[in-house]
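Asks: The residues making up each chain are set out below.
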Amino acid sequence: MITIEKVSKHYGSFQVLTDCSTRVAKGEVVVVCGPSGSGKSTLIKCVNGLEPFQAGTITVNGVSVGDPKTNLSKLRSHVGMVFQHFELFPHMSITDNLTIAQEKVLGRNKDEARDKGLKLLDRVGLKAHAAKFPGQLSGGQQQRVAIARALAMDPICMLFDEPTSALDPEMINEVLDVMVELAQEGMTMMCVTHEMGFARKVANRVIFMDKGQIVEDDSKDAFFGAPRSERARQFLAKILQH
Amino acid sequence: MNYEFDWSSIPGALPFLWEGMKVSLEITVIAVIFGIVWGTLLAMMRLSPVKPLAMFAAGYVNLFRAIPLVMVLLWFFLIVPQVLRGAFNLDPNTDVRLTSAMIGFALFESAYYSEIIRAGIQSVPKGQVSAASALGMSYAQAMRLVVLPQAFRNMVPLLLTQAIVLFQDTSLVYVSALADFFGAAYKVGDRDGRLVELLLFAGAVYFVLCFSLSQVVRRLQKRMAMV
Amino acid sequence: MSYNWNWGIFGNPVPTGDTTYLGWMLSGLQTTVLLSLSAWVIALALGSLMGVLRTVPHKGLSGIAAAYVEVFRNIPLLVQLFIWYFVLPEVLPFGLGERFKQDLDPVTQQFVSAMVCLGFFTSARVCEQVRSGINALPRGQKNAGLALGFTLPQTYRYVLLPMAFRLVVPPLTSEFLNIFKNSAVCSTIGLLELAAQGRQLVDYTAQPYESFIAVTVLYLIINIVVMLLMRVIETRSRVPGYIGGK
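Residue numbers (the working numbering), protein chains in the order written: chain A, 1 to 242; chain B, 243 to 469; chain C, 470 to 715.
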């Protein structure tokens, strides 16, 4: 589904990503972790072309992201993404947030978009809030709406960029529960997150990044059982202290 | 104080003054509408990744912001009449002062509007554009559906405040001897030898209008801050 | 439409013969600069005073300052100028107006009216900048000053104002630029500053484009010089490690 091959990226002389390669198969859930500044957010944003990269190739469902001929808008319309700071559109009601891209990008009609949006809103347990505005919801609720917004586009895969790191601890689980459910339904997912409980529960593989490089790319059991690198071991030890 | 005030020339002059006020308002409305439209385009050019467009917009805005409005108006009284006459084959005696003034104001104020709008666009968090792109929206769609609506909402008070400033600035069409409200007041005062009264009256009218409008803007700002 | 460009016109002597057209232009520039600088001094002094008054915990004083700002902000500059120039000398008490009209030559009358007008007009804007500068400081700053035993005026003098002024250097730059641009309005009362000289040149030389281009370029140069100057001040007044001090 997603193939990342020898991707490198730099801002001026600062190397952000070095030679990153991995692949995510259909139905697979891959968790990307690593210390802050390790390039994991940048990597995931390269997947749908929000961040350009200078070397290597990324293909999503057979379409090359870095190819200037690629219609990025079209590609992105079926790759769902969830952001750290939710990024709901504050000037629109929840319903409009869910329908705007369906109508304007996919060309669905109003009723169809609305039905779809409300169904997904119900699925994340927020049907009652359809008429509210993002500013009236808690962070956890906003993030669930953001997931519903991405799902409304019928994505072939989902990218999560630290979806819980801007949330208060008591709200993290409500978002993770939605993500777990998605994973169990067979959605292809690439998640940048520090939630190791989530990784243990649903991940097929765990990627550990440090200083712009992919240091470990292992099955879940191998990663948690016996990480091969010293840096990954230290990272895990630190996470557990929280 | 030995000056004897005599306000008697004002009541009779009110219809004439009202005609002047209509000219002032007309220039203001046209310049505000044009200024916001052209200013928005300039702001989008300036923020666009297309270098020549960005440079053109930056040059335009900086040039107009660096020269006094009086100079701009003088330029327009000098050039625009010639251009208009040439373009439309007008009679040399046609009065194009009002048109020149409107064009001058509109082009000048759009530079100021463009700066307000640019700041408004930049005040919308970058993540919003990312989120719109991630949903598959094109740059134009992201601008139109996500960024501009938020930007304009934040900017409404500033745009209105600029409109009040513009309304005050219209008095400068005095340099072209055009009878806007101030020009009319001056003419009446000059004719009746009552310049003192007419100038004070004009000042009071401008104050009442602009002050009440600015209070409305302030209230609007407070209401918006609460949401 | 053909236009005969003639840039040599600036070297020609004026009708009175005592200088060239370039001389007129430069004397206009000199008046503009002198007028703007002297008005700026008034604006800074009055504006700072009013700005402080707006923030003091005294309803009467802050009310006066607020009213001051509203009056000068809501009347067009041109109207204010005409009131200073045509109205005030008529209505000033104690024969002050008479003395203004009789003892001063017309050029000085124009200059003084223009200077005072621009100074007061700009001071209202300076006041708002100074006020927002003071209000932008963390609340704890004032309390910290008072807790150290400073009186309120001392707190302003040593704690609040030094910081507030540094914060408002960038917005004051644009006010400083505005005063040069606004000074062009003073051509309407007959003061021969830069814009007025430009107009006079058009009348005398019938070479409108050269005159206006020259005047416009001079305004651009003033702009650039002021911006460079303020950038130096901004760098010098920067506080290490403070927001905006990047």
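For the record, the hints were derived by calculation from the structure and aren't laboratory data. Source: prediction; values computed, not measured. The beta-carbon is built from N, C-alpha and C at its ideal position, and this holds for glycine as well. Be careful, since some hints might not be right.
[Said to hold, decoys possible] Examples of chain B residues toward chain C, derived with CB under 10 Å:
hint, residue
1, Tyr245
2, Trp249
3, Trp260
4, Phe276
5, Met287
6, Leu295
7, Leu316
8, Ile321
9, Gly369
10, Phe409
11, Asp434
12, Leu442
13, Gly445
14, Ser456
15, Val458
16, Leu462
[To be verified] Simulated crosslink set (DMTMM-like; lysine to aspartate or glutamate; CA at most 20 Å straight-line):
hint, chain 1, residue 1, chain 2, residue 2
17, B, Lys464, C, Glu597
18, C, Lys570, B, Glu246
19, B, Lys368, A, Glu51
20, A, Lys119, A, Asp168
21, B, Lys429, C, Asp574
22, A, Lys220, A, Glu230
Asks: For each hint, tell me whether it holds in the structure or not.
Replies: Here is how each hint holds up against the structure:
Checking Tyr245(B) against chain C by beta carbon gives a least distance of about 5 Å; that is within 10 Å, so the hint holds. Below 10 Å, beta-carbon pairs count as interface contacts, and Trp249(B) has none with chain C, the closest being about 14 Å; its hint is therefore violated. About 17 Å separates the beta-carbon of Trp260(B) from the nearest beta-carbon of chain C, more than 10 Å, and the hint is not met. With its C-beta approaching chain C no nearer than about 21 Å, Phe276(B) sits outside the 10 Å limit, and its interface hint is violated.
Against a cut-off of 10 Å between C-beta atoms, the interface hint on Met287(B) is violated, since the closest Cβ of chain C lies about 22 Å away. Here the hint on Leu295(B) is broken, as its CB sits about 22 Å from the closest CB of chain C, past 10 Å. Taking 10 Å as the C-beta cut-off, the interface hint given for Leu316(B) holds, the closest approach to chain C being about 7 Å. At a threshold of 10 Å, the smallest CB-CB gap from Ile321(B) to chain C is about 8 Å, leaving the interface hint in force.
At its closest, the beta carbon of Gly369(B) sits 22 Å from a beta carbon of chain C; the interface hint therefore is violated under the 10 Å criterion. Hint status for Phe409(B) relative to chain C: holds, with the closest Cβ pair at about 8 Å, below 10 Å. Against a cut-off of 10 Å between C-beta atoms, the interface hint on Asp434(B) is violated, since the closest Cβ of chain C lies about 14 Å away. The closest approach between the C-beta of Leu442(B) and any C-beta of chain C is roughly 6 Å, which is under the 10 Å cut-off, so the hint is satisfied.
Using the Cβ-Cβ criterion of 10 Å, the hint placing Gly445(B) at the interface with chain C is satisfied: the shortest such distance is roughly 5 Å. With a cut of 10 Å, the hint placing Ser456(B) at the interface with chain C holds, because the nearest CB-to-CB distance is about 7 Å. Of the supplied interface hints, the one on Val458(B) is violated, with its beta-carbon coming no nearer than about 13 Å to a beta-carbon of chain C, more than 10 Å. Interface restraint check for Leu462(B): the shortest CB-CB distance to chain C comes to about 17 Å, outside 10 Å, so the restraint is violated.
The suggested pairing of Lys464(B) with Glu597(C) holds, with an alpha-carbon distance near 18 Å, which does not exceed 20 Å. Distance check on the hinted pair: Lys570(C) and Glu246(B) sit about 18 Å apart at the alpha-carbon level, within 20 Å; holds. Annotation: proposed proximity of Lys368(B) to Glu51(A) holds, straight-line Cα distance about 13 Å (limit 20 Å). For the hint pairing Lys119(A) with Asp168(A), the CA-to-CA distance comes to about 27 Å; that exceeds 20 Å, so the pair is violated.
Taken as a hint, the Lys429(B) and Asp574(C) pair is broken in the structure, with Cα atoms around 26 Å apart against an allowance of 20 Å. Taking the CA atoms of Lys220(A) and Glu230(A), the gap is near 17 Å; set against the 20 Å cutoff, the hint holds.
In terms of the numbered hints stated before, the structure departs from hints 2, 3, 4, 5, 6, 9, 11, 15, 16, 20 and 21, listed from lowest to highest.
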